[in-house]
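Enquirer: Spelled out, the chains give:
2 protein chains.
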Amino acid sequence: MKIKMSNVAQRSVGIVGFGAFGKLIAQNLYGHFDLKAYDPRSDQRDVAAELGVTFTSLQAVARCDVIVIAAPVSSFEDVLTSIATVCHPGTLVIDVGSVKVHPSDLMEKYLPDYVDIVATHPLFGPQSACDGIEGLKIAVCPIRGLQHWPLAAFFRKHLGLQVIMTTPHDHDREAATVQGLTHLIAKVLHRMGPMPSRMTTRSFDLLVEAVSMVQNDAPEVFDAIENANPYSAGIRRKFFDLAHELGVELENNA
Amino acid sequence: MKIKMSNVAQRSVGIVGFGAFGKLIAQNLYGHFDLKAYDPRSDQRDVAAELGVTFTSLQAVARCDVIVIAAPVSSFEDVLTSIATVCHPGTLVIDVGSVKVHPSDLMEKYLPDYVDIVATHPLFGPQSACDGIEGLKIAVCPIRGLQHWPLAAFFRKHLGLQVIMTTPHDHDREAATVQGLTHLIAKVLHRMGPMPSRMTTRSFDLLVEAVSMVQNDAPEVFDAIENANPYSAGIRRKFFDLAHELGVELENNA
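Going down the list, the sequences are from chains A and B.
Numbered per my numbering, the first sequence spans residues 1 to 254.
Numbered per my numbering, the second sequence spans residues 1 to 254.
Here chain A stands alone, though its shape is the one from the complex (with noise of 0.2 Å):
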């Protein structure tokens, strides 16, 4: 089953989920692919065609070669069982989601086995790409069949993306810290207020445009990385349990 990614005038790709991040998919693969998208929401329809997207049907989405699904988490059960009666023997079926264990597990669940999966993260989100993805980071996890070589080498030429080739769980350890520690310590400041900005020090402004970068992510992705990755809940008691022992210290010391 060679796929040529390469050679993909002719190969259409299904949008599954027309929200913020489905947007940002078909601005940077369009020119490369037939796009289609489906989302509930009618409304989308104008913005898709700006977009050169045709705006469809779910099961129409569902018989595109590839299928990205771009969907929030809470419908995601629903997306796979609506296109796993429809799609058709090499279909590629790839998801965006931040964490990795548990959708992977559905996709495999729920596909029949002619489907190939592969489970990706972008490391990036419409803010952090706003000046173009190239150079940005993207996981990807093969979970059944091949097509992850030629994706993994479209991502690469095509997109400039770094690829970094991991598995479900190495993925969700390591984005327990990282995408784990970055949202809780938003939340708080976010929860403490307005911030300074006159007198503030380099290192304090980097921390502000760190935690700003997230702060206007989609409550499901906050409720993803900390609750759906099964990882995160031992990062965050070792954060809140470090951060408690520290205020007790400075308590002792004062």
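These are computed hints drawn from the structure, not numbers from a lab.
Among the hints, a few may not be true.
Any copy, or any two copies together, can satisfy a pair, since identical chains are not distinguished.
[What the hints assert, rightly or not] Straight line, CA to CA, 30 Å or less: simulated DSBU-like cross-link-like pairs of lysine-lysine: (1) 137 / 157; (2) 137 / 109; (3) 157 / 238; (4) 137 / 187; (5) 187 / 157; (6) 238 / 109; (7) 109 / 187.
Go by the hints and put chain B onto chain A.
Expert: Quick look at chain B alone, frame taken from chain A:
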């Protein structure tokens, strides 16, 4: 009492404490003033000579037109009592520490009435100033006399600094968040152990960069920021309480 800081060729500046920050001051004032420095560690004599600074006694430094105290917090009172008996009328004494309320009180208490006092906080350190200090920020608190005017003009015109005129209390209130939080988060992350460097997001990279800028600061700096700033304990408690609250919320949702 008009002091022309721009006409400074003959003016002498004495630096008390020739650690990393004392050296940074010397590098940036070189060519503007006749520079002298004192440090109890006599092995700093050669480094001083290389930077065009006369390494001398505390008494000689205390007879300069401007005295900059860049000594560790622990020796601050000793330095003040030593220079108080030597410095001549019209001398300008400046400190450069990370907190301002307590040191300002001490300077007012120990230094004779005929000495002018300006409390400053350069909002940068040797690491953030490695590419030069132009454009960086300095907080300036007038404490006694009028020499803060020519001093601020010198900072702006000759060093290219952004001058923030403030009071010790306003400074410490804002710094408790700016520096208190940065150092607190840096300390907790440091205790968590080595951070991932492979599968990182842009926001996590910024977070790591932010904390790494302060993780090499001297322990006295952390101590001053967390314990000598009267507003730090409140900010810290707020941070720890909100972190704990979020932790409980996430446990309940899990």
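Enquirer: Now, for every hint given, state plainly whether the structure supports it.
Expert: Hint-by-hint comparison with the structure:
1. When the C-alpha separation of residue 137 and residue 157 is checked against a cutoff of 30 Å, the pair qualifies only within one copy, where the shortest distance is 13 Å, while the shortest distance between copies is 43 Å.
2. In this homomeric assembly, residue 137 and residue 109 come within 30 Å of each other (Cα to Cα) only inside a single copy, at 28 Å, whereas the closest approach across copies is 57 Å.
3. Taking the shortest alpha-carbon separations for residue 157 and residue 238, neither the intra-copy value of 39 Å nor the inter-copy value of 48 Å comes in at or below 30 Å.
4. For a Cα distance limit of 30 Å, the shortest separation of residue 137 from residue 187 qualifies both inside one copy, at 24 Å, and across copies, at 28 Å.
5. Taking CA atoms no more than 30 Å apart as the test, residue 187 paired with residue 157 passes in neither setting, with 36 Å inside one copy and 40 Å between copies.
6. In this homomeric assembly, residue 238 and residue 109 never come within 30 Å of each other (Cα to Cα): the closest approach is 33 Å inside a single copy and 45 Å across copies.
7. Taking the shortest alpha-carbon separations for residue 109 and residue 187, neither the intra-copy value of 34 Å nor the inter-copy value of 43 Å comes in at or below 30 Å.
In the structure shown, a violation is registered for the earlier hints numbered 3, 5, 6 and 7, in ascending order.
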